[in-house]
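Asker: Sequence:
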Amino acid sequence: MISRQAQELMNMLREGKEASKGQSLSPEETVKLREKLNTQMNNTPLPEGIQIKDIHEGGVMGEFHHNLTPGKSGDKIVLFIFGGGFETGSVISRRNCCSQVALAAGMDAFAVSYRQWPEAMYPAALEDCTAAFHWLEKKGYRPENIRIFGESAGANLTIATTMYLNDHGQALPGRICPFSPVIDVTNSLPSRISRNGRDPMVQGDAASRFFTKEDEKQPYASPIRGSFQGFPPVMVHVGTEEVLFDDSMELKRLCEEAGVDITVRVWEGMFHSFCIFSLPETEEAMKEIGAFLRG
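For the sequence shown, our numbering begins at 2 and goes up steadily by one.
If you are wondering where the hints come from, they were derived from the structure by calculation, not from laboratory data. Quick reminder that beta carbons are idealized off the backbone N, C-alpha and C, glycines included. Worth double-checking, as some hints may not be accurate.
What the hints assert, rightly or not - List of simulated lysine-lysine pairs, BS3-like, C-alpha gap at most 30 angstroms:
#: 1; residue 1: LYS37; residue 2: LYS22
#: 2; residue 1: LYS253; residue 2: LYS37
#: 3; residue 1: LYS253; residue 2: LYS18
#: 4; residue 1: LYS77; residue 2: LYS253
#: 5; residue 1: LYS73; residue 2: LYS22
#: 6; residue 1: LYS54; residue 2: LYS33
#: 7; residue 1: LYS18; residue 2: LYS33
#: 8; residue 1: LYS140; residue 2: LYS54
#: 9; residue 1: LYS22; residue 2: LYS288
#: 10; residue 1: LYS22; residue 2: LYS214
#: 11; residue 1: LYS22; residue 2: LYS33
#: 12; residue 1: LYS22; residue 2: LYS54
#: 13; residue 1: LYS218; residue 2: LYS54
#: 14; residue 1: LYS54; residue 2: LYS139
#: 15; residue 1: LYS54; residue 2: LYS18
#: 16; residue 1: LYS37; residue 2: LYS54
#: 17; residue 1: LYS54; residue 2: LYS73
#: 18; residue 1: LYS140; residue 2: LYS77
#: 19; residue 1: LYS140; residue 2: LYS73
#: 20; residue 1: LYS140; residue 2: LYS18
#: 21; residue 1: LYS288; residue 2: LYS140
#: 22; residue 1: LYS253; residue 2: LYS214
#: 23; residue 1: LYS77; residue 2: LYS139
#: 24; residue 1: LYS288; residue 2: LYS77
#: 25; residue 1: LYS73; residue 2: LYS288
#: 26; residue 1: LYS214; residue 2: LYS18
#: 27; residue 1: LYS37; residue 2: LYS18
#: 28; residue 1: LYS253; residue 2: LYS218
#: 29; residue 1: LYS33; residue 2: LYS214
Unchecked claim - Restraint ranges, calculated between C-beta atoms of paired labels, are given here:
#: 30; residue 1: LYS33; residue 2: HIS135; range: 17 to 25 angstroms
#: 31; residue 1: GLY260; residue 2: GLN171; range: 31 to 39 angstroms
#: 32; residue 1: GLY231; residue 2: LYS139; range: 44 to 52 angstroms
#: 33; residue 1: GLU58; residue 2: LYS33; range: 37 to 45 angstroms
#: 34; residue 1: GLN230; residue 2: PRO48; range: 22 to 30 angstroms
Just need the whole structure built from these sequences, with the hints factored in.
Answerer: See the structure below:
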């Protein structure tokens, strides 16, 4: 059984999904929705033990989450990549989620502010995330001590960034944790249709305008088309009610075939990217994520 809070939230999200069915926001409306979500999702105080600093350095933008709690790791860090369909997310709306990951892992975190539609298109986000990884290296973090966590579109970028680094013979992060990942942006996997009625949040046929039809086929857009050989340990979290459920199952298969150490945590009855909300299930997930990232 899922928590009462999760069920109530799912009911509310389902109403919003139904109301938005068939709608396509203009560029201006997309930016306004992003700003609205910034306000709605940033209205709770930050957890104790976190101090945030804006970063705009060497072309890298984002927020540095300083973990002030005793016993935190000084040589490890989380690169946090927000979700939002490559359109409506931000480091602001995911500020609480990033702080929770930092506290659970017992280390600092850097939330990268990457370019999205309508301001930019693929491969801008990938470029910004790889630049953030290299920026952390320049700050003195050893690659193997950098962990990457991303949710939804950010989970896609978590995988794509690792794949890009790997394909280009560059040092890799020590561990990655994609939460509710999308690894096929062409929407070809069966659960896009079979679970659309169950998913309270994401339309099964939703397509991101961040990618052209040709871009969608690139492995750094749809990692299902790339190689996972040589990847670091991976932990995936996914809810059974997601239209993206098959993405996680396919990711598991591809990683296992490539000999990658992968753990998939399936959350019965839960929905897409629930980690961005304050729920009992989120608290439990953060404990597992923190233990994995520390590992």
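Asker: Provide an ascending list of the numbers of those earlier hints which the structure does not satisfy.
Answerer: Those not satisfied are hints 2, 5, 9, 12, 13, 15, 20, 30, 31, 32, 33, 34.
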